[in-house]
Structures are given as structure tokens and as C-alpha cells.
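Asks: Using the sequences plus the hints, can you model the full thing?
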Amino acid sequence: MSRDTALVSADWAEKNLGAPGVVFVEVDEDTNAYDGGHLPGAIKLDWKTDLQDPVRRDFVNKEQFEALLSARGIGNDDTVVLYGGNNNWFAAYAYWYFKLYGHGDVKLLDGGRKKWELDARPLVKDVPSREQTSYSAQEPDTSIRAFRDEVVKAIGAQNLVDVRSPDEYAGRLLAPAHLPQEQAQRAGHIPTAVSVPWSKAANEDGTFKSDDELRAIYAAAGLDEGKDTIAYCRIGERSSHTWFVLKELLGHSSVKNYDGSWTEYGSLVGVPVALGDEPGKA
Amino acid sequence: MTVDQSCAAPDQAAPLPASVDLEKETVITGTVTATDGTVVGGAYVRLLDATGEFAAEVVTSPAGQFRFFAAPGTWTLRALSRHGNGDTTVTAVRGITETGVRVG
Numbered sequence: 001m002s003r004d005t006a007l008v009s010a011d012w013a014e015k016n017l018g019a020p021g022v023v024f025v026e027v028d029e030d031t032n033a034y035d036g037g038h039l040p041g042a043i044k045l046d047w048k049t050d051l052q053d054p055v056r057r058d059f060v061n062k063e064q065f066e067a068l069l070s071a072r073g074i075g076n077d078d079t080v081v082l083y084g085g086n087n088n089w090f091a092a093y094a095y096w097y098f099k100l101y102g103h104g105d106v107k108l109l110d111g112g113r114k115k116w117e118l119d120a121r122p123l124v125k126d127v128p129s130r131e132q133t134s135y136s137a138q139e140p141d142t143s144i145r146a147f148r149d150e151v152v153k154a155i156g157a158q159n160l161v162d163v164r165s166p167d168e169y170a171g172r173l174l175a176p177a178h179l180p181q182e183q184a185q186r187a188g189h190i191p192t193a194v195s196v197p198w199s200k201a202a203n204e205d206g207t208f209k210s211d212d213e214l215r216a217i218y219a220a221a222g223l224d225e226g227k228d229t230i231a232y233c234r235i236g237e238r239s240s241h242t243w244f245v246l247k248e249l250l251g252h253s254s255v256k257n258y259d260g261s262w263t264e265y266g267s268l269v270g271v272p273v274a275l276g277d278e279p280g281k282a
Numbered sequence: 001m002t003v004d005q006s007c008a009a010p011d012q013a014a015p016l017p018a019s020v021d022l023e024k025e026t027v028i029t030g031t032v033t034a035t036d037g038t039v040v041g042g043a044y045v046r047l048l049d050a051t052g053e054f055a056a057e058v059v060t061s062p063a064g065q066f067r068f069f070a071a072p073g074t075w076t077l078r079a080l081s082r083h084g085n086g087d088t089t090v091t092a093v094r095g096i097t098e099t100g101v102r103v104g
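Residue numbers (UniProt numbering), protein chains in the order written: chain A, 1 to 282; chain B, 1 to 104.
Simulated restraints on C-beta separations:
| id | chain 1 | residue 1 | chain 2 | residue 2 | range |
| --- | --- | --- | --- | --- | --- |
| 1 | B | T38 | A | R121 | 18 to 26 angstroms |
| 2 | A | K62 | B | N85 | 40 to 48 angstroms |
| 3 | B | T88 | A | L68 | 42 to 50 angstroms |
| 4 | A | G36 | B | I96 | 26 to 34 angstroms |
| 5 | A | R3 | B | R82 | 23 to 31 angstroms |
| 6 | B | R82 | A | S70 | 35 to 43 angstroms |
Facing chain B, according to a computed beta carbon distance under 7 angstroms, are these residues of chain A, among others:
| id | residue |
| --- | --- |
| 7 | K114 |
| 8 | A120 |
| 9 | S165 |
| 10 | P166 |
| 11 | R172 |
| 12 | P176 |
| 13 | A177 |
| 14 | H178 |
| 15 | S199 |
Honestly, the hints are just simulated from the structure, not real lab data.
This one's a predicted model, so the numbers in the text were calculated from it and none came from an experiment.
Cβ coordinates follow ideal geometry from the N, Cα and C atoms, glycine included.
Replies: In C-alpha cells form, the structure reads like this:
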């Protein structure tokens, strides 16, 4: 993968609104934004109600994913262009998901909603109707998804990248600063994880930095390209953003997103936790 | 207490949830205004820590309001909008700290 195949610009998107075989999908936790105005022709996916299992802590399985995409009128051959608020966190999460279930052609809109809005590009309230499809997903590709046991094994052995803010990494905050400070049982980070906040990879308008800038950021943080990498955050969406950068833009061979992230790890009994601004020892 | 498993920005105009303990939380709140004094809804407000590192971002309510749950210390608020950008520095204490951001 590379920037040319994984990312589209706002200019490209505006020119391709309504193009046959291209489906724009807004992904957010709060779909009020979509309801108040979205890209012409775009449909919406709700990060929680559409993409999470309603009972277990997990995301929808293959059959649920097939039913969802079929009902929303997305076909296997469609080019899916994802975008959203929060600097594309949830869109990147959905992108990871489309990859996990083997969708052929999926892209992120560079800058997401924010750049689109700041550019004063068109937003509409009309909700399109799309004909039902018969979507067929692949078995989940677990080469891009990390579970807790392999995260514990990766301590001191593989690259662990904590993409939360420095205060969350150090254990001074438990959640991002726009949310009340609750959630995991313990604060801190996974020992030996390096801190590279997701925001380092993005410009102020939400677009991704250049490949050269991105390479320099992860090299300076001490990421060893010869090793496998696991990215995590609090609930797995900010780390999808970094997963996208490392795997899809920079083309690293083995990068996994740990979607259990700190809300799981920080509540596990008996695992090591590091506090403070340094990675700590294995 | 309900656990909201999300990182998305909550409604910035909503009252503080009852579960928020102001004895423990450090809330930074305020309004984004343009140079002519009108409030700016739909502005993107980012909270940067004392080193300038990004901590969080929210979109202002139609009345231009924003709110962060931070920690005591020095923070920078940076607002981006179609009317222009602007920033301000604030020293937050436990409880509620109010500040405005002017853009243009």
C-alpha cells in the first residue's frame, strides 16, 4: 500500500462525488454531525451501533459485517472512501475494519470532515437511498489485529507504540482531555512502549504529514523497522490512525492494531505497567 | 457511573454530567468569538499541553462553547475556523477554569 492507493485528497473527492462505483461513507461515534450536513451522496456508519457487537466487547463478526454492508448498499467491487470527524479517528478505525474483512478498494479522505468544513466545501442534509447488495466478506485477517496475550509477549521484544497523549502515557490522565477521567483501573503504559502521539502524524487541518516527515517521526522515536509493530491507544481508534500511517502510508510489513488497548490492558490483573515519561524496562 | 466507551467529542453545549466530580476534575471551558465579538459555532478547538503537544480537540456548539477535562497546569487553546484561527494560554486549576479564544 502507499499514499496513492490508500488516501484521496479533498479535491479528488469533490470531483468524484456521485461517480459510479464510488461510495462515500462518514464514520463517527456521534452521527449528529452527519445529520447536520455531510458530503453529497455519502452514507453514514455509526462506530458504536453499527460496528460494535451489542453484547460482547468485540466488533461485529463476518456475518454481521456482511449484513451491514449489504443493507447499506455497498458492493464488493465498490471503491469505499471513508471520512469522519475527530481527525479521521473513526474513519481510520473503519478502514482497518474494511481491510480486516478483505474489502478490495478502500481509501481515506485526507483531512476528513475538518478539512472539508474549513475549506467550505459543499455539505448536504439529503440522505441517499442505495439499493441493497449481497456483500460477501473474507475471514478476518488477524495479521493486522493484536490480542492481549501477544501484546504481553511483545514487551521488550517487538515495537510497541502508544499513540495517546503524553499525559495519558505517563499516567497523569486516564482519558483524552475532552472526556471525564474515568475508564481503565490503572493509569500508565505498557512497559517498553514508545510514546508517539497519533497527532504527530497529522497536520493541524487533519491531513497526514508527508511520507518523509512521517518516516523521520517514527525513526526519531526509536521504532525498529526490522521488528513487528503493535499500536495501541485507549479504545483502538487513535491507534487505527497510526496503524494506517505505518502500514498503509509507509508500507511497514507487520503492523497490528491492539483494539483492546488501554481500557483492556489497564484493567488486566497481574500485567506490568510503567509510569512516567520513559518507556520503562521489560 | 456509566462508562462511555468512546473518544468522540460529547455535545459541547450539554450541562456537565452529574458524574463529573469538580473536587477531582479540572475543567477548562469557554467560548470562541470572532473579532467582531460574534460567537463562532463549528470551530475546531485543540488543547495543547505545556510543551505544545496535542491533547484533545472538540468542535464548538452553535453558541461557540467548548469544554475540556484536563489537569492543573498551563495549557494552550488553539481554535481553527472559517473566520480564521487564534490561540490563548490558560493556567488551569482544579474545578472550572473559564477562558475565551478570539479568532480572525
